[in-house]
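The listed protein sequences correspond, in order, to chains L and D. Okay, so the first sequence: first residue is 1 according to this note's numbering, each after it adds one. Okay, so the second sequence: first residue is 1001 according to this note's numbering, each after it adds one.
What the hints contain is simulated information worked out from the structure, not anything from laboratory work. Honestly, I wouldn't trust all of these hints.
Calculated lysine to aspartate or glutamate pairs in the EDC-like style (CA-CA distance at most 16 Å, straight line) [claimed, not checked]:
hint, chain 1, residue 1, chain 2, residue 2
1, D, Lys1142, L, Asp205
2, D, Lys1071, L, Glu368
3, L, Lys25, L, Glu37
4, L, Lys113, D, Glu1017
5, D, Lys1146, L, Asp205
6, D, Lys1146, L, Glu157
7, L, Lys116, D, Asp1035
Quick partial rundown of chain D residues pointing at chain L, CB under 10 Å, derived from the structure [what the hints assert, rightly or not]:
hint, residue
8, Met1001
9, Lys1022
10, His1045
11, Phe1046
12, Glu1060
13, Tyr1077
14, Ala1087
15, Thr1090
16, Gln1094
17, Thr1097
18, Arg1112
19, Ser1114
20, Phe1116
21, Lys1137
Keep in mind the model is a prediction, meaning the values are calculated, not measured. Think of the CB as a built atom: it goes at the ideal place given N, C-alpha and C, for glycine as much as any other residue.
The residues making up each chain are set out below.
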Amino acid sequence: MAYKDEQLNEEKVFKDPVHRYVHVKDRVIWDLIATPEFQRLRRIKQLGTTNYTFHGAEHSRFNHSLGVYEIVRRIIYNFQDRPHWNNDERLLCLCAALLHDLGHGPFSHSFEKVFKLDHEYFTQAIILGDTYINKILERVASGFAQKVADVIAKTYEDKLVVSLISSQIDADRMDYLQRDAYFTGVSYGHFDMERILRVMRPIEDQVVIKSTGMHAVEDYIMSRYQMYWQVYFHPVTRSAEVILSKILHRAKYLYETNDFKFKLKPTHFISFFKGKVALDEYLKLDESIVHYYFQLWQEEDDSILRDLCERFMNRRLFKYVEFNPNLQMNEWMELYRLFQKANIDPEYYLVVDSSSDLPYDFYRPGEEEERLPIHLLMPNNELKELSRHSDIVESISGRKRTDHKLYFPNDLLNDIKDENIKNRIKAILYGRGEIKNVK
Amino acid sequence: MLNNHAKLMQFFSVANEVTGRKKLQKMIYILQKQDIPFEEKYQFHFYGPYSEELTLRVEELCNLGFIDEMKEEKSSYYQYHYTITSAGETFLNQFSTGLPDFTDKVVMLKGRSSRFLELVSTMLYFDDLSKNEVEEKIQITKPKQKYSLDEISEAWAFIGKLSQVQ
């Protein structure tokens, strides 16, 4: 039997708190899971710094990847006899679902921003490079790895296949919303996925939703909206993320400053600082390694690096106030100067964080051909954009909600010796009465 | 602070008015590929390169009152028009974005349809491939758009010209 068709003697299952069981029967999938590149995902948390706010959020990219695979497996099972579905694409879909997040690194959003990286580039590099993953995929068929890479990059010719992994209502989002809700312990984020899977219909180049399933999709859209504001954009999580980014900036700056000598040479970071990260170097860096450096950098001679690492390791986070860059620009400029006078470097300790700094989004129908929206399949076989038919979705997606916050270390402000400077800073920050204490 | 917002404001200031979100998406992407350092992250989508980050940032600029968004109802969809406001000009004047002059590029881009810019941005998305491979990719990823050989040749010429102007 060809490797691509090989089945395990007995179906294997992974016990999963979200989907109950993840089922594996294909030898190829089983082999991919066993590779070092895939096992590495166990050491990368799905939600980065969210566990500083919701302590249960310790789940990994490994959990999520298995979950996305399982959802796609169930979708394909439902699609088997439906028109437009080509079951020859089954294994390709399963592999792409399993491997879609393979290139994520530790705290990947911060790393990407600071070091100008792209996890999708590394996903492609792992799938197409000299790796265990690549060897397995090429054993399926010559060129199969490229197909998997194309599906994940959304450049594959069959758009229906792509839309299972990446669209406005895809397996990726359906897994992470439910999984993140489960592990954070929040009550929102839940929706009737089984119902959505039952009303999904493949058409020529996308998956659409049978109109009778609209209410299940409304629930999904609402979950996405609530998770965005309540979990993903939680200000305490963002505070930890702000500090993390500043640590990386500071370490890079110190590395580039020739006269600074690290007590612990940042070996694993050097290629990141230089902006030339080879695949083997990228794969070596996981969250354990990052934490190891942050732990030891608390003893470095540089007071800023030391302080930021100590804050990150011990959850001594920045506080925040609401900030409107339009109305409060002058205040911000004054604060910047006052921080400098107080010897608190505003580049590291006075930070504006915006909703657009977040790698999550909520549903927007957009303009024609801006991006593909969720389509309902009406009884007369017409397609209708979801928000044109659902008042709930229209009200959520029609309203633009954005947010900016100003982060700062309140404890350092309390230590300012010059009372005039201290009082003026506090008057600006607290004067509006909008300060909110970090939990 | 807000440097990426300021860069977009610089774009809106130069462009004066932009009609259509799709067109806006493609314009910023094409400028990025012309080494104008906008930092919005793009991914390939159904209609070519698309940046969720850009969508969000433009929403933020609208909410802050720096950009005015006008929604126009068309037969089966909405179209959006963007212009910079006086508050936006004031905000921008407080920044030095460090962007090179890209006025002529913006003029060229504004004069083209969103369909054409979708083609150009898709070609640039695959700029690590050979010319033949790029053209093959266009047919694979955009079968429904049915781009003709003439349009593709025109797009190559456009890309060549665009890189020669400021």
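Do the hints match the structure? See the list:
Between Lys1142 of chain D and Asp205 of chain L the CA atoms are separated by roughly 11 Å; this keeps the pair inside 16 Å, and the hint holds. About 13 Å separates the Cα atoms of Lys1071 of chain D and Glu368 of chain L, which keeps this hinted pair within 16 Å; it holds. Our distance criterion of 16 Å between C-alpha atoms is broken by Lys25 of chain L and Glu37 of chain L, whose separation comes to about 21 Å. Between Lys113 of chain L and Glu1017 of chain D the alpha-carbon distance is near 30 Å, which puts this suggested pair outside the 16 Å criterion.
The straight-line distance between the Cα atoms of Lys1146 of chain D and Asp205 of chain L is roughly 15 Å, inside the 16 Å bound, and the hint therefore holds. Between the alpha carbons of Lys1146 of chain D and Glu157 of chain L the distance comes to roughly 14 Å, so the proposed pair stays at or under 16 Å and holds. The straight-line distance between the Cα atoms of Lys116 of chain L and Asp1035 of chain D is roughly 15 Å, inside the 16 Å bound, and the hint therefore holds. Checking Met1001 of chain D against chain L by beta carbon gives a least distance of about 5 Å; that is within 10 Å, so the hint holds.
Taken as an interface hint, Lys1022 of chain D checks out: its beta carbon lies about 5 Å from the nearest beta carbon of chain L, inside 10 Å. With a least beta-carbon distance of about 5 Å to chain L, the hint placing His1045 of chain D at the interface is held under the 10 Å criterion. Below 10 Å, beta-carbon pairs count as interface contacts, and Phe1046 of chain D has one with chain L at about 4 Å; its hint therefore holds. Interface restraint check for Glu1060 of chain D: the shortest CB-CB distance to chain L comes to about 4 Å, inside 10 Å, so the restraint holds.
Hint on Tyr1077 of chain D holds. Least Cβ distance to chain L is approximately 4 Å, under the 10 Å limit. Because the closest C-beta pair between Ala1087 of chain D and chain L is about 6 Å apart, less than 10 Å, the hint holds. With a least beta-carbon distance of about 8 Å to chain L, the hint placing Thr1090 of chain D at the interface is held under the 10 Å criterion. A hinted interface residue such as Gln1094 of chain D counts as satisfied when its beta carbon comes closer than 10 Å to some beta carbon of chain L; here the least separation is about 6 Å, so the hint holds.
The interface hint given for Thr1097 of chain D is broken, as the beta carbon of that residue sits about 15 Å from the closest beta carbon of chain L, more than 10 Å. Contact between Arg1112 of chain D and chain L, as hinted, is not supported at the beta carbon level, the nearest pair being about 15 Å apart and thus beyond 10 Å. Interface hint at Ser1114 of chain D: satisfied, since its Cβ lies 7 Å from the closest Cβ of chain L, which is below the 10 Å cut-off. Here the hint on Phe1116 of chain D is broken, as its CB sits about 13 Å from the closest CB of chain L, past 10 Å.
The criterion of a C-beta within 10 Å of any C-beta in chain L is met by Lys1137 of chain D, whose closest approach is roughly 7 Å, and the hint holds.
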